[in-house]
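On the provided structure of chain A, position chain H as indicated by the hints.
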Amino acid sequence: MSALLEIDDLRVDFSRDGRVTSHALRGVSLAVGVGEAVGVVGETGCGKTLTGLSVLRMLPDNAHATGRISFDGRNLLGLSPRELRSIRGGRISMVFQSPGTSFNPVFTVGHQIGLVASKHLGTGKKETERLVSETLHAVGLPNPDSVMRFYPHELSGGMLQRAMIAMAIICRPSLLIADEPTTALDVTIAQQILRLLRRLQREQGFGVFFISHDLDLVSDFCDRIAVLYAGRVIETGKAEELLRRPRHPYTRALLEALPGRAEPGASLPTVPGTVPTELDDAPGCPFAPRCPLVTELCRQERPPLVDVGSGHTAACHRSDDL
Amino acid sequence: MSSALLELRDVVKLYPVRGSGRKGASIRAVDGVDLAIPAGRVFGLVGESGSGKTTVARCILGLTPLSEGSIEFDGVDLSAADRRARRALHREIQLVFQQPAAALDPRMTVDRLIAEPLTTHGLARGAALRERIARLLDDVGLLPAHLRRYPHELSGGQCQRVVIARALATDPRLVVLDEPTSALDIVVQAQILNLLVELRDRHGLTYLLISHDLSVVRHLSDRIGVMYLGRVVEEGPAAALLDDPRHPYTQALLASTRGRGSASLDASAPLEDELPSTWELPTGCRFHPRCALREKLGRPAACETIDPERVAVSPDHAAACHFAGGADAGPEGLRS
Chain A
1 MSALLEIDDL RVDFSRDGRV TSHALRGVSL AVGVGEAVGV VGETGCGKTL
51 TGLSVLRMLP DNAHATGRIS FDGRNLLGLS PRELRSIRGG RISMVFQSPG
101 TSFNPVFTVG HQIGLVASKH LGTGKKETER LVSETLHAVG LPNPDSVMRF
151 YPHELSGGML QRAMIAMAII CRPSLLIADE PTTALDVTIA QQILRLLRRL
201 QREQGFGVFF ISHDLDLVSD FCDRIAVLYA GRVIETGKAE ELLRRPRHPY
251 TRALLEALPG RAEPGASLPT VPGTVPTELD DAPGCPFAPR CPLVTELCRQ
301 ERPPLVDVGS GHTAACHRSD DL
Chain H
323 MSSALLELRD VVKLYPVRGS GRKGASIRAV DGVDLAIPAG RVFGLVGESG
373 SGKTTVARCI LGLTPLSEGS IEFDGVDLSA ADRRARRALH REIQLVFQQP
423 AAALDPRMTV DRLIAEPLTT HGLARGAALR ERIARLLDDV GLLPAHLRRY
473 PHELSGGQCQ RVVIARALAT DPRLVVLDEP TSALDIVVQA QILNLLVELR
523 DRHGLTYLLI SHDLSVVRHL SDRIGVMYLG RVVEEGPAAA LLDDPRHPYT
573 QALLASTRGR GSASLDASAP LEDELPSTWE LPTGCRFHPR CALREKLGRP
623 AACETIDPER VAVSPDHAAA CHFAGGADAG PEGLRS
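So the sequences go chain by chain: A and H. Going by our numbering, the first sequence wraps up at 322, each residue one higher than the last. Going by our numbering, the second sequence wraps up at 658, each residue one higher than the last.
If you're looking for bench data, these hints aren't it; they were derived computationally from the structure. Glycine included, each C-beta is placed from N, C-alpha and C at the ideal position. Where hints are given, some of them may not hold.
[As the list claims (entries may be wrong)] According to the in silico footprint, chain H covers these stretches of chain A (three or more CB under 8 Å from chain H):
#: 1; region: 150-156
#: 2; region: 185-195
#: 3; region: 213-222
If we strip away everything but chain A, and leave its shape as in the complex, we get (with noise of 0.2 Å):
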């Protein structure tokens, strides 16, 4: 499969006052192929969400992101505002967490999916409405002609995330970036968003970066996975492989942290501590200090993210016994 979206040591520092503050992302590598949809997983402050918003370039000011983001041969964080502004919500758009508080409450919901089209494709008021609406229709809204013109608040959590995805995909992007798209939702509704992101997926054939803490909902969605600890990537594989057969303690834990495993009432492993937020990179796995399977190794040497086999990668001095 031909890379679509290639991240390479990817680095974001923060920043105030000139002094750098923290390192959030510290080398993150990750593809994705044409077509492709990969999950992107950690806990809350691992750089998922971070990584997510670099390759759009939406970071906030006092960050600074320094590496490679390749996309049809170009670099993204070479790019000119003006050349960002024809990628972004175009070639590449984003799916976010809550779409309540995505879309601006006092414009109707048609006329924000519409400025996307009317930007990128040039197209005039009627050309611009009867793609909108069509689009809607194409997310599962029924009546597109009169949901269009309601503003957000009149729509429930669920249409507003169809039309949330109506508006990343009416320009046909390359690239979908999914930050939590299901979330804020109801099961059965993220179920359907799920099916639809799907069917979307296969109909026009984009790559998608899926970014979510729940494993299992990543696993259903995504066909290969990579999970991040402490701004870096520490296993990647294919998604079956990786939840048969995790080759990281870190990625075992998040497995066994699910309720739906365990027996009901007992007491469900958790990984003790938190992710680490030093500066300064403490020799040694980043992991060590709440991994179980630590050894005087782990504590000195950084794992290196190896080939473990068949594609599976993960960055584990003891990835062999597990």
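Same frame as chain A, now just chain H:
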């Protein structure tokens, strides 16, 4: 069941709607709910947004008056309770909210937050108060160092621990948990679920757990009730209900849970559309417009015309579906 700590009988909650053009019109948010929770047990209440589960919680907590029916706590009728009795009941029944950060006053430190319910109810002061706070802090797994912190200095999981400490401060017998982990990360969720199990065992608590996440409900509950548009449509022991769901809605909910594999997203949808409005309830069985079993059976007339009674499918397990007992009603029948 007279041994129940909490018992709801035919509870109805109507919200009047003004300016609708229909005189005396109202929304039936809760429409005839019966349930009983024995002391020391966990009852899980499941359903989509708009099914009425939080309204049931509000009725139990006395935050909103009932329209019809009755709620008894330890044999005392809540709606008949006077001010004094009600105040005492507030100590006995506590609530843990969904959004821990929003449930805590941002201008109060953790020690003041935990002290508040104790001083409000006049339960402790001075040295006794400090000792009580220290014990609660320890109970929920926080450290003395957290006492001087403000909510914004805590993580989501730590905030939820403070919320739980506040709920436990008055030594309640019943704790209503309204989506206690849905705002949390998987790892933190596991920690809070463990804490809830531990606290129940240590203090002999009774929980009413409200959630739309079946895996969380399965993990904690002894019994489960499934709510749909203001009614409990299926109720039974947790294992029986989840392993052998009889109501087509419960079956659809189960089929919507994540972690069922990639192919599940390409199979036909377990549940189409959204919950209909409580403003215009469907006729007959309120689930019929979304029901896969009805389609499979060739749209029997009863579904659209007769509101099904809740009937026992086994001694301890009941479902409100005309075809819940039939051979086609089981999950296998539905899938084939």
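Structure-based check of all given hints:
1. 150-156: This one is violated; 1 residues, fewer than the three required, reach chain H with a Cβ under 8 Å.
2. 185-195: holds (count 9)
3. 213-222: holds (count 8)
Violation of the numbered hints given earlier is confined to hint 1; every other hint is satisfied by the structure.
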